[in-house]
Every structure is written in structure tokens, then in C-alpha cells.
Amino acid sequence: MAYFILKRLVQSVFVMLAVAFLAFSLFRFVGDPVSQMTGVETSIEDQERLREDLGLNDPFVVQFARFTGDLVRGDFGFSYRTRQPVAEMIADRIPATLELGVVALLISLIVGIPAGVYTALRPRGALTQTILLTTLVGVSIPTFVIGILLIFLFGVQLGWFPTFGRGGTVQIGGWESSLFTLDGWRAILLPAVTLGVYQLTLTMRLVRAEMMEVLRSDYIRFATARGVPYRSLYYRHALSNTMIPVITIIGLQFGGVIAFSIVTESVFQWPGMGLLFLESIRFVDIPVMGVYLVVIAFFFVLVNLIVDLLYVAIDPRLRIRDLA
Amino acid sequence: MWAFIKRSEPLWLFVHSPAAIIAAILALTIICGAAFAPWIALNNPYDLASFSLMDGLLPPVWQEGGRAPFWLGTDDQGRDMISSILYGARLSLMIGLAAMAIATVLGVGLGLAAGYIGGRFDAVVMRIADVQLALPAILTALLIDGIARGVLPTDVQQEFRVVVLTLAIALSLWVNFARTARASTFVEMNKDYVQAAMIQGQHPLRVMFIHILPNILGPLLVIMTVDLASAILLEATLSFLGIGLPADSPSLGTLIRIGMQFLLSGEWWILWVPSIFLVLLVVSINILGDFLRDVFNPRLR
Amino acid sequence: MLAVEDLTVAFPSRFGIFRAIEDITLAIAPGEIHGLVGESGAGKSTIGAAIIGLLQPPGHVERGAMRLGETDLRALTPNQAHEIRGKRISMIFQDPQTSLNPLMTIEDQLIETILAHEDITADAARDRAVGILEEIGIRDARTRIRAYPHQFSGGMRQRVVIALAICTNPELVIADEPTTALDVAVQSQVLDLIRRLADDRGIGFLLITHDIGVIARITDRVTVLRAGAVMETGETAAVLGRPAHDYTRALMAAVPPLDRRVERFLVPGDSARGGAASETAARWLLDGDAGPPLGLSVEEVSVQFAGPRTSFLKKPDVFQALDRVSFAVAPGKVTGLVGESGSGKSTIAKVIAGLVRPVSGRLALGGEPLPEGRARPRRHPSRRLIQMIFQDPFSSLNARHRIGDILAEPLWLYGLEPRAEKRRALAAAMLDLVGMEPDAIDKYPHQFSGGQRQRIAVARALLARPRFLICDEPTSALDVSIQAQVLNLLKDLQARFGLSMLFITHNLAVVRQMADDLVVMRQGRIVDGGETERLFRDPASDYTRELIELTPVARF
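Protein chains in written order, with numbering that gives the first Met the number 0: chain A, 0 to 323; chain B, 0 to 300; chain C, 0 to 555.
Take these hints with a grain of salt, some might be off.
[Unchecked claim] Derived coverage of chain B by chain A (criterion: at least 3 residues anywhere in the stretch with Cβ under 8 Å from a Cβ of chain A; other residues may be distant):
id	stretch
1	71-81
2	224-235
3	271-282
[Unchecked claim] Mimicking EDC-like on lysine to aspartate or glutamate, the simulated pairs with C-alpha atoms at most 16 Å apart in a straight line are:
id	chain 1	residue 1	chain 2	residue 2
4	A	K6	B	D129
5	C	K442	C	D404
6	B	K190	C	E472
7	B	K190	C	D391
8	C	K314	C	E339
Source of the hints: derived by calculation from the structure; they are not laboratory data. This one's a predicted model, so the numbers in the text were calculated from it and none came from an experiment. Even for Gly, the Cβ is constructed at its ideal location relative to N, Cα and C.
Produce the entire structure from the sequences given, and follow the hints as far as they go.
In C-alpha cells:
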């Protein structure tokens, strides 16, 4: 077990290093950092001195090591566009994106898992066929069209929800949250649904497929032959075995949530990291782009490590060594 | 003919699945319409001379003020919506198909080799796939696009827009193919026909491509279909974000982005007609993918 | 107790209605073990599923009656049927590895089953569960009950499965191939346990199996099935000892005897067929540079596999798959290799075939040293001289290639025949030689039965013009009558073309019919070896003696 966790940790570190390398290459090779930082009036000598100060003349490996060290210490450099520290810019935006992502993920799980279980237990029912067709349409509508549709219906036509921004926020420590005011909840609902719909359909289809697979397994057939009550058969025996592969994929899906939050944030003008990233791409603001990458990868790796721990908690085969 | 269909499992299931038949007809119609757009479209949205401002902002024919031959109305420049959509779908499909093809070749090649060779090579490919997974499709595509902006001079950028976009989408989709091909290859490697070929001393490339590949095509075909849909969605999304194609060569996503300006005004068709069309295209491809999945994995039926 | 009358189960499909079983009548008394024997497709499992009410849709009972005591099983509502399951009828599945929920302890699964049917406290249920585990032969049951399924070995797991099936005192237990996945020694223990439960508790068993040895060993009565219909039923000793029906007689004739060697099995459909085409193939095999038979020697071969890694600091445990194994296959003779699962017998096949590289040891074919593993070049002559026939005929032929292409491949690969039309003609002739219609050449593997595919696999091996054949359990996936045909075929070909053969199997009766010499393996080591008949009469090691004694014999 310890080995399993340790192995995952090492793999995570590898992923982080690779992403850091990507970010570093961006910084180092896409455009010239010095000409980005200086104006036209800076003399060649000044540029050269800046180059030396920044350590850009050092060997490649040394530069990468320094870059990684800075990242670990939380020193993310300065934006080309605003000249602000990138760390501050990102930190300001993290709460908005995380809250959006978590609410969306919750929506997708709370609706997706029961729907998946239902459609697996009644594979031929009329409601199942309807749900399946609806989710097929669900994965086929681009996130931004869903967003526009929701804005049009509930924002413009009915006027129930705001169509942009976070609404009322509360400052808790350094965290600006919109989850503590009614206004904030009204603001987060449309974007969270927009972001959650796609994940919901994926979750539902995955739960359904895994559950149907489990229901055909020998141990479920054996439990049926022993007359184990259907309730226990489905929700104790089958569902727990279904969740093992499902939580792995949900961990991977978290990456999708973050990525699609870029689109959602753009549609709803939600002031999160995604919007910042879009702006930085438009202005080729390399430091912000690079740090965004690293932060996203970090969250992704973190979530998947938590998933691994959950995995160990659920599956005794990982916890307890074989005696025989 | 009927006897032939009855003997073939996929064909039999196909003629008994109304959803798949409708989806196939729809997809084929759209693909043909897009392919023959220059011959059947009313005007060419790239050619200023082929449309007139006089026809601007006409609603669809069933609404007050709409008139033939602009069945689904026109935009503010006087471009026929149907024509714009056909040209847009042409571009979307071209990019989608090309991206899918590149992703298939890259992903299947790497996955097959990783499964066959195993060991270190496999570990390296899978770690690269891990990194790719940590940076999901949209992000990868945006990033590559951003890099292209930084590296390529502006005039070249415009020229290579389509190429960069296609590559960005392809690079973000290859992991699916690689993982599926690898997992399927592992399964096949344990089968005796592969062992037999290896014992006979057949060339590894022959074992991989003549023996294993035909046996893992089923699940790959499903992914190809589903990923074609993803590629089209991805292209539309990038264009919508204003990072994909410029407005002078509009794909479906660009059309929707332009239509957004009319969200609050009365000209609903400029936004919703291309949106519905895009959804119809993707839904029909996804229904076909779903059908194929059921065919190749009877347990889900 | 159980009475089944005129039971017919129908499976509607697009090709029409398929009746898996038709007009089946059988009865089981309390304490009786009733054997249900038949070849694949006979409908054995369908009967069991119909009785317990778990037919896979769209299968359904079309007509007939099933009564358990006073209860009409067909008249039950789905909920009533579910209550009867476990309480009065229970079931044991084939594979103990997959029959238990991996996420729940044995205790939870036992208690849940007991509480589902009886109104007692959880503590009382626990006491009962421990008692049953002890009865079933699990030592230290009070602590072991808290273990998860993966902590038990295969044989122990099957005991747990049986405990789960009987923990509610059912009247009837349907056992579907309960020992097929087990080794001989464990099989023997599990069969004894079933016999004891029938005697002590008066449970009636419906024992479904394809193994006539198992039937002979523990059943009181037996029903012989073929293609969904009863051929014969009665006291086991009577049915097997003096079969009245032609089919039963043919079946018994096809079962390889453990206690003697027969030269040929008398089976219908066995043809030392000889069209003109088969002569062409035979001549092709015999002339040319076929050369004299080649012997093979294996000297001091050891193979190690790395176990699963459990720590960064420690090296993974090494699993010694083969430990200094030495034996020889005499030129033109058959050497049998027997052992239970995990004994390393298949690993030897892989070493000889060049798929696995030993850590030490030497191989020689016809006196010439044979390079090991990846060191063996792709174009090494042994690649052609050594051919292999596999266990599973469903996976040994590439499903996407036509039979003609599969057969022509060795001719092309080894440069034996440059012209495509000649290759095709030769492939067709070879099909004739192995007893297949030559028009098979344009079909795909899925159009053939298991036995036919195994013949095709033999033809493919022969088309390399080999001198040495490795047969790795070539008949253990086949029905007995088909097994007899394939064994006959292999014997004929081996004798006629002077092939040396390594015949690997877990089945002692089969190996006695095939092998001139015998090697017995256990846990990667050779424990016994010598001339086959001598070894069977007078085994040198206790292990061999035990194996021979515990193998169920199909004789009366």
C-alpha cells in the first residue's frame, strides 16, 4: 500500500516536472523575455545587463533548476502585460474558478451517479432510453452554446439570474467567496450548470457502463442465487464495485472541468483563472500562461492523489496483503 | 440482400435502430452539403461580390418579411445563412477530419508500439500521456495556438491558422487513441495467434500491423467517431473564443460568435441557426458513435 | 424433492426460436447427488438456471413443470422466486476467483445471506457462519472469517463459496462445474466435501459437469444430455457401466482411460480420411529436405520472474518459475509433461519456443545448440523446425484472417513455396490431410467449431514442415468426443511423419494415451520422469502416486 501511494507520488512529481519544463520552455523560447520586459528606448548594454541579471546566459539546466526552485517557493515572476506579480494575479482568481469547478462537479455527481445507476438497472425502460438520448444531445451541445442558451432563457427572457459576474461576494481570510450570499448563489448557478452538464453526461454514461459490467459479474450472479435482497445487491454489492473505476475517471475529469471553465468563464465573464488565461493568450503574456499551466497541473495532480487515497480506502486488495 | 444483412451483426442492428438510421442520413446530408457547398450554395461568404447589403437581416421565410430564396434568412451583410453554414461546416469538417486522422495515426502508432514493446518505452509513452491528461484538450489547443502567436510572424500566422488549429486539436486528442490501442494490444498480446506469430519469427511490424491491428479496430472505430465529434466541438469552441479562425473565413464556431452580437436584438436566427446546425451535426455523429459502441460492446445493450 | 417435467427453454433470436433444452424430465431426492453430464451446447447450465429462476433474457421457460417439494416453481412471482433463492435452492459457480464480492469480508457476505432468510440476531448469524466455516474445513474460522476473499487460496475460496451456498440450509444446491477450475488434489477435497454435505445434511445436489470422471466419482444418479435432450438417465453405475444409449456408449468410448493405454479411440466421425489431396500433402511433408527426426534436450534450465514490486527499497521478490529443469525428448518420440497449474509446464513451452529467456541453462535441437529467448534470431532454422499447437483454438487463429491466408503464411514466411497458387493448393491439401473439407480455405475462423479450429491449427503447424511439435494442452478446451478425434489425429501424424513431440497437459489419462516418456513437474521442479507405462505402474515419487490416485476415474 505504501508502495502504491509512493509510486503515485513519484509519478505526480514527474508530471509536475514535465509541466514545469513546458512552462519554462514557453518562457525561454517563445519570444525573447528581455525584449518583452524592456521598451524600445532601452540600450543594448542595459538589455545585456538585464539578460545577465536574469541569468539568461547561464547553462540551460541551471536556468531550469532556478525556474523550478522559484516555482516551488511561490515566486512566479511578473506579467509582461500588467507588470504585476503573477502570483498575486493568479491567487486573486483562484477562488472564483475553484468554486465554479467544485459546484459544477457536485452537480454532475449528484445527478450523474443516480441517473447512471437507474439506467443500468432498467436498461430497457422508456425513461432510460429518454435519458440516454438526452445525454447524447448533452455531450453534443458545445459548452458555450449551453451557456448562451441559459443566459438567453433564464437571464434575458425570464430575468431570474444575472448573466455575468460573481454577484455578491464575501471576504473570508484571503478567499473571496460567492457561496455565502443568496446573490452569489444566483450568480454561480447558471455557469455551474453550464460547466456541469457535459461532466454530468460523462459521469452518467460511465456509471451506467461500469454498473452494467458489474451486474453481469459472477459475484453478483452468485449473490442473486443466494437470495440477497435486491436493495443490498444493487446498492451495497454492485454500487461499491462500480465506484472503483468511476472515481478514477472522475479524478481525470477534474482536468476537463478546469479546462471547460475557460469557456464558461468567457461566456459568463466570470472573473476566474480561465478568463485571465484567455487574456494572457491574446496578449502573448507568457509568464501568466506558464504559471497558469503549472497551477492547473498542480490541482489536477492533487485531485488524482486524493483519488488514489480513496481508492486504497475502498479496495481491500490494495490495503491488505494476500495471506495465501 | 436481406439474407446478407441478417448474417451480418452490425448491419442487422443498424437496420433495426431508427436512431442510427436517422443520424446516418442526417450526417451524410450535412457532409454532402458541405462537400458540394461551392456548387449548391446561393452565395460565397468569402466573395463580397456574391451577396448584397440590400438583402441584409432578412428573417427566415416563415416569419414576416422573410423571402425566398433566403430560406433561413440572412445576416447583417446580406449573406444567406444556409450558404454561410454550408461553407462553415465545410471548414469545420475538414479541420475535424484532418485532426482526427492525425490523432489516429499518432495515437494508434504509439499505443500499439507501447503495448507491443512494453517495458521502458511503454512507461515513457504512458508518462507523456499522463502529462497530456493533466493538460486537457482545450488547454492544449489554446496553448499551441498561443505559442504559434508568439513564434510565428503575424502575416505567416494568418496563413497557417488552419494548420495550427488542426495540429492543436490533433495533439489534444491522441491520448484517447494511444490508451485504447495500448490496452487492446495488451489483451491481444496474450492471445495465442500473436504468440504463434512471434514464435514463427515474424517481423514485429508485421505482427503489429497485420496481426494485431485488424483485431483492435472495433474500439478504435468508436473512438474515431466520438473524437471526430470532439474535434468539431473543439474547433467551434476555439473559434468561439476568438482564438480559432478569423472572421473572414468563418467556421461554425465563428458564425456563432458573430451571432452572439445579435443575442439581445430581434435577429435571433443569426445566432441560433448555426448553433442548431452545429448541434445537429455533432449529435448525429455521436449517435453513430454510440451505435458503434453498442455493436462492439454487446454488454451495454 | 425436485421434480422437473417436460421442461423446455426457448431463446428467441433473429434466426428464429432456439430451444436450448426440450422436454427435459428429471427428479432429485434429498441427499442425492444427481449428475448432469453432456458436451458443450448440451444445455446443462440452462437447466440449472431455469430451476433457480435466473435464465438470461430473452431466454424463458416455454413449457413444462418444475416443483420443489410442494412448491410450483413456475407459479412464483419474481419476488417469491427471489425469496426461495438461497433459502431453499442455492447455487455454486465454476470459478471461485470471481464468485465472491472482493470488497466485502467473508463475514459480511455470510451474515448478510443468513439474515436475508432468517429472523435471527446478527450474533446468532455470526456463530452459525463460524460453525459452517469450521464444518467446511476452514481452520481458525473465528479469525479467518474477517478476511477478504483475496486472502484465500483458490481451493479455500471454493469452500467459502460452498459455505455461502449452504449457510441457509437449502434443500437443493445446483453446482455448475464446481471443480473445473481446480487442481486435482483440491478437486478431490471439494468433491469429498459435497458428498459429505449430501450425506450429513440431506442436501440434494444437481452437479453439472462435462467430466465423466467427476460424475463416476460422487454422483448417485446421472442424466446424460445431448443437444438439449435427455439421452439416458438412471443409477450412475448402471448408466456408465452398461450404457443403453448409443450416444452414452460413444461418449464412454471417447473418454481416455487412466489405467491403460489404447492405441486409437473408437469415435464416430473419425476418419483416417484420404482423398487424393491428402496424399499430395503427405508427399510434400515426406519428401524434400525433411530430414531425420530431431530430438530436443533441455539442460539445467532456470527461469525467474520478478514478482510485483511492493517497496522502493527492497528488490521485488523473485518468483522461481523453473528451477534447474533437465529432460530430453527422443527423436521421433512423444514426451509427456504433466503438472498442476503453476507447475511451470507452460513456461517450458515458452522457453523452447523462444518467448521466455531462462536465467541459466542450455537447449539443443538435434544436437545443435538452440539460442535462448531474444538471442534467437528471427531467421533461425529452429523457427521453422519447432512449431506449436495451443490450448485455446478460439484464440490461436487470427479472427480477421481467412483460413487460406493463415495456412499459407508459414509457406510464405519460411520461403517454402514461392508461388501463391501453389501455396493455396498445398493449404487446401493439408486441410484434407487433417480431416477438413478443402472449401474451408475461403472462410473465417469463427465459422468453425473448436475441434475444427484445432485441426486447422495442426495444419498450420504442419505447413512449416516442422520436425518438432510442442502441444500445450491441445485438447483441454475440447469436448471428450472431439478430444478423442484430435488425439487420434495427432497420434497418426506424429507416427507417419516422424515428428518429435512435447505433449503438455494436466490430464494424466490423456498423457498416458499419448506419451512414450513422461516428465512430472511440481512448482518449477521435475519430481519424476521415465518411460510412461513404467511410471504409471510404479511411480517413483509420492507426488506422482497421489496425482494418479486422486484423478477421478470414469470406469465401473
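Next item on the list: Check each numbered hint against the structure and report the violated ones by number, ascending.
Entry: Per hint list: 1, 8 violated.
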